[in-house]
Amino acid sequence: AQSVTQLGSHVSVSEGALVLLRCNYSSSVPPYLFWYVQYPNQGLQLLLKYTTGATLVKGINGFEAEFKKSETSFHLTKPSAHMSDAAEYFCAVRGDVEYGNKLVFGAGTILRVKS
Amino acid sequence: GAGVSQSPSNKVTEKGKDVELRCDPISGHTALYWYRQRLGQGLEFLIYFQGNSAPDKSGLPSDRFSAERTGESVSTLTIQRTQQEDSAVYLCASSLGLAPTGELFFGEGSRLTVL
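Line order of the protein sequences matches chains A and B. Numbering of the first sequence is given in our numbering, commencing with residue 1 and proceeding in unit increments. Numbering of the second sequence is given in our numbering, commencing with residue 1001 and proceeding in unit increments.
Hints listed in this document are in silico derivations from the structure and should not be mistaken for laboratory results. Beta carbons: idealized from backbone N, C-alpha and C, even for Gly. Keep in mind that the hints are not guaranteed to be accurate.
[What the hints assert, rightly or not] Every beta carbon over 12 Å from chain A, so not counted as near; a handful from chain B, in silico:
{"no.": "1", "residue": "LYS1015"}
{"no.": "2", "residue": "SER1066"}
{"no.": "3", "residue": "ARG1081"}
[Stated by the list, open to error] Listed next, the stretches of chain B that the computed footprint assigns to chain A, with coverage defined by at least 3 CB atoms under 8 Å from CB atoms of chain A:
{"no.": "4", "region": "1033-1043"}
{"no.": "5", "region": "1069-1080"}
Just chain A, same shape as in the assembly (with noise of 0.2 Å):
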């Protein structure tokens, strides 16, 4: 069975300082892992994902992830906030159509930008 932890419900940084977003995940397989951000009144959207190779992931607006298989472990990252960076994210994880196709998320942190 699969499952996620976001540390931190809620995130407060300064506009132009680093965001980091943390996730760790529980898998018995090799995982694949996504983070989605869901704007105010709007739907999820994927923001980058990894599945196999490159353990660096870059996604939309700059951000970025890495997947660390040692410490099961997937945080998002992104050098310099801005205001519209300002979003609830959640990370989630999937195992391959054997294991079941379900796409288990985590409770989600929301950001919050500074001005």
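We have chain A; now place chain B onto it with these hints.
Frame of chain A; chain B shown alone:
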């Protein structure tokens, strides 16, 4: 339409009433998912459909919940005898297929309030 469409966007009902929530996936997407998002919590998997295969209903919380999908088109999530704990945003998503690396495209959700 261009994206996943859900209706109604907001529904207020009285405890004990039945409600139906509708999801119109992206044309050509064979997989369709329902998730529930309670206030302050992550996304909780409910059910998914893939083509004509039997749906995975493992996330449905009780027998008051059911969902149908005709072919690869519209899906309806029905909640019978609603309870206050059913209050949540119900999110629908679709994807091209069941590939675990595939992106889910989400609708904006149906917000259900049970008084």
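Results for each hint:
Separation of LYS1015 of chain B from chain A is adequate, the least Cβ-Cβ distance of about 26 Å exceeding the 12 Å criterion. Taking the minimum C-beta to C-beta distance to chain A, about 18 Å, the non-interface status of SER1066 of chain B holds against the 12 Å cut. Every C-beta of chain A lies more than 12 Å from that of ARG1081 of chain B, the closest at about 26 Å, which supports listing it as non-interface. Three residues within the 8 Å Cβ limit are the bar, and the region 1033-1043 of chain B against chain A gives 6, so the coverage statement holds.
Counting residues of the region 1069-1080 of chain B whose C-beta sits closer than 8 Å to any C-beta of chain A gives 0, which falls short of three, so the coverage hint is violated.
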